[in-house]
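Engineer: These protein sequence lines map, in sequence, to chains A and B. Quick note: the first sequence, position 117, residue 117 per full-length UniProt numbering, numbers continuous. Quick note: the second sequence, position 459, residue 459 per full-length UniProt numbering, numbers continuous.
It is worth saying that the hints were derived from the structure and are not from the lab. A portion of the hints provided could be inaccurate.
EDC-like, lysine to aspartate or glutamate: derived pairs with alpha carbons at most 20 Å apart [as the list claims (entries may be wrong)]: (1) K30(B) - E10(B); (2) K132(A) - D245(B); (3) K132(A) - E247(B).
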Amino acid sequence: MGTLKQIGAPQTQSSSSSSSSIDSNNHPSRTPPPPSSPSSSVCRNRTDLSTDLRLGLSISPSSQSESPFNSTPREESFDWPPIKSILRSTLVGKQSHLSQRPSLFVKVYMEGIPIGRKLNLLAHYSYDGLVKTLGHMFRTIILCPNSQPLNSGSFHVLTYEDQEGDWMMVGDVPWEMFLNSVKRLKITRADRC
Amino acid sequence: MNYFPDEVIEHIFDYVVSHRDRNALSLVCKSWYRIERFTRQRVFIGNCYSITPERLIQRFPGLKSLTLKGKPHFADFSLVPYDWGGFLCPWIEALAKSRVGLEELRLKRMVVSDESLELLSRSFTHFKSLVLVSCEGFTTDGLAAIAANCRFLRELDLQENEVEDHKGQWLSCFPDSCTSLVSLNFACLKGEVSLGALERLVARSPNLKSLKLNRSVPLDALQRIMMRAPQLADLGIGSFVHDPDSEAYIRLKNTILKCKSITSLSGFLEVAPHCLAAIYPICPNLTSLNLSYAAGIQGSELIKLIRHCGKLQRLWIMDCIGDKGLGVVAMTCKDLQELRVFPSAPYGNPAAVTEKGLVAISMGCPKLHSLLYFCHQMTNAALITVAKNCPNFIRFRLCILEALKPDPDTLEPLDEGFGAIVQSCRRLRRLSLSGQLTDQVFLYIGMYAEQLEMLSIAFAGESDKGMLYVLNGCKKLRKLEIRDCPFGNMALLTDVGKYETMRSLWMSSCEVTVGACKLLAKKMPRLNVEIFNENEQEDCSLEDGQRVEKMYLYRTLAGKRKDAPEYVWTL
């Protein structure tokens with residue numbers, strides 16, 4: 001235990017002499033997990049255990065460390081911190097989600113205005129939300145494709161450039177399909193369409 | 001000896017409900033033992049291997065409600081190998097063979113097979129309530145059997161189980177004649193359920209008070225269900241993803257306004273950001289809020305939500321609420337009794353909660369008695385303040401995410417802080433330690449923690465003295481679980497009689513050897529001393545001097561168990 005204790009407080013040369021009767025050399029389970037552990041690319045020795053802890057690696061000294069390292073690591077037995085595995089699996093999924101939030105920023109230009117904006121399409125769930133946001137951003141009213149322009153001069157419609165380079169009216173295909181094909185958006189005057 | 005006829009004593013015993021009191025009654029004299037055993041309806045077995053089912057049935061023929069616990073607590077953290085044990089099957093078989101009219105079964109950390117569920121569903125006509133917590137081994141087929149065959153089922157409560165989904169539409173197996181449901185919780189299931197069957201089931205269950213959905217139930221179905229069950233008091237939301245502009249959302253908002261009786265809310269297994277305003281109307285009535293699985297809710301939204309929850313008594317949240325957010329909790333939730341703060345990432349978010357949040361809570365919530373707190377750091381000063389502010393703690397579980405971390409201000413171990421807790425909280429029954437700790441903290445625990453029943457220790461202590469302080473001092477200790485501590489043979493063997501006064505002892509990655517365990521097993525025949533030899537090498541001979549990686553011992557009247565896997569050696 002003495003080894004781990006010293007490691008745990010790397011900033012202080014802990015003067016409390018932990019008079020542990022353990023000779024760590026005799027205890028194979030204290031060797032660090034095998035280098036194939038996914039999160040480590042550095043060959044580790046015992047002094048790196050505190051770094052391991054901060055990097056979020058399992059330091060389980062269980063029999064895992066005994067077995068020859070596998071190319072595909074065994075089901076990692078995360079036993080620290082002590083949270084239930086069912087809760088842990090919820091987090092692991094979400095952590096990658098939160099740390100790199102999926103986003104799809106596309107350029108949006110309004111006809112007649114040289115400086116464009118950028119918008120995260122994935123912050124919206126449907127055309128309604130998108131059109132509302134753009135309407136606020138550009139202070140105009142954007143018509144949906146099927147409505148008749150009442151006075152075509154002062155209204156706009158939304159178009160997008162798809163993967164093939166064609167400019168299409170927004171709103172014809174399902175939202176998810178639109179997300180897959182949109183490259184950028186343009187707000188054009190209604191009487192131009 | 002008896003001044004009253006048996007019937008009168010029986011009648012008096014009817015008023016004695018708690019397990020401990022009942023156990024005490026049975027020890028008074030032979031006649032009371034006899035009367036007590038025939039009138040006992042509820043039995044709690046904290047360790048399923050401490051007694052055989054046959055013996056239990058023989059003593060309590062009037063058994064109606066049974067609670068069983070299987071694997072040791074550290075199994076929750078993957079420390080107990082797969083197939084260690086805790087099988088339900090022999091219990092159900094024995095009960096089915098007998099004439100026990102089982103009505104309630106509550107299981108924790110047991111291995112439950114579909115076959116046992118099937119047998120259970122067919123063997124007890126008046127079976128009413130099944131509660132499974134942290135169990136595994138069954139599939140939705142087993143649930144289908146329960147749904148189909150238990151004609152008077154009132155409660156099916158699945159909490160945090162590992163259930164294999166067989167896509168068999170288990171929910172549709174509730175017959176049309178089943179109208180007795182009071183509580184249904186399937187939040188932990190991963191698969192889809194038939195939404196139509198679910199809605200019809202809710203519609204024909206006028207007594208349904210508690211409903212917890214899984215993530216496959218979308219928002220529009222939730223809205224229809226809530227329309228049909230305005231009497232719900234306890235709701236677990238599955239999926240809460242919606243477009244704030246959509247009609248479904250507007251309908252939901254209106255429906256929520258009608259659900260005046262909801263006092264407990266949980267789930268939000270899938271949640272889109274900025275959606276929570278819909279539930280603000282319910283918040284002022286809530287006494288219990290569990291958002292520990294709601295990984296999609298950001299800290300700022302949590303805080304906005306909490307501001308509406310003035311009546312909360314129980315709050316389970318994630319640490320993304322932050323110290324500031326806990327300050328809001330302290331200001332808003334004056335009735336708070338139980339708080340759990342879970343890490344939002346396995347190693348926590350450094351901007352999350354620290355000692356400051358806990359101090360704020362202790363200042364604002366004087367009724368707090370149960371705490372589970374995962375944090376990035378803790379100081380002695382904070383713990384001392386908390387101890388002064390909240391002397392009523394019954395459960396105090398602190399987990400500093402970085403093991404062995406000292407007080408960041410003084411760089412000292414946290415002995416004094418925890419010492420203050422045990423000295424101030426005289427009613428403390430459960431304690432979990434973390435951070436850098438020497439033997440001193442155990443001296444304090446042994447001296448002051450007179451009511452302590454369960455103690456969890458990890459990466460702490462310096463020598464055998466630590467463990468001995470606890471074993472000698474804590475007279476009411478029932479469960480002791482230790483991992484990665486330098487406690488060895490001397491600590492283990494000094495007072496072997498102590499273990500018969502306890503339910504169990506777990507020691508992993510400590511310094512006990514095979515020889516010491518063998519000696520202990522020899523001295524104490526009424527203990528099962530199990531060591532787990534997970535070494536994959538062929539040569540499995542255990543030498544006395546060899547260190548034991550995992551040891552689990554427990555008192556038992558059932559002798560060595562016969563269902564242990566190969567790697568478990570009962571000495």
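Engineer: Does D245(B) sit within 20 Å of K132(A), going by the straight-line distance between their CA atoms?
Structural biologist: Holds, at roughly 10 Å.
Engineer: Hint check: K30(B) vs E10(B), CA-CA at most 20 Å. Holds or violated?
Structural biologist: The hint holds at about 14 Å.
Engineer: Hint check: K132(A) vs E247(B), CA-CA at most 20 Å. Holds or violated?
Structural biologist: 16 Å, holds
The structure fails none of the hints (numbered hints given earlier).
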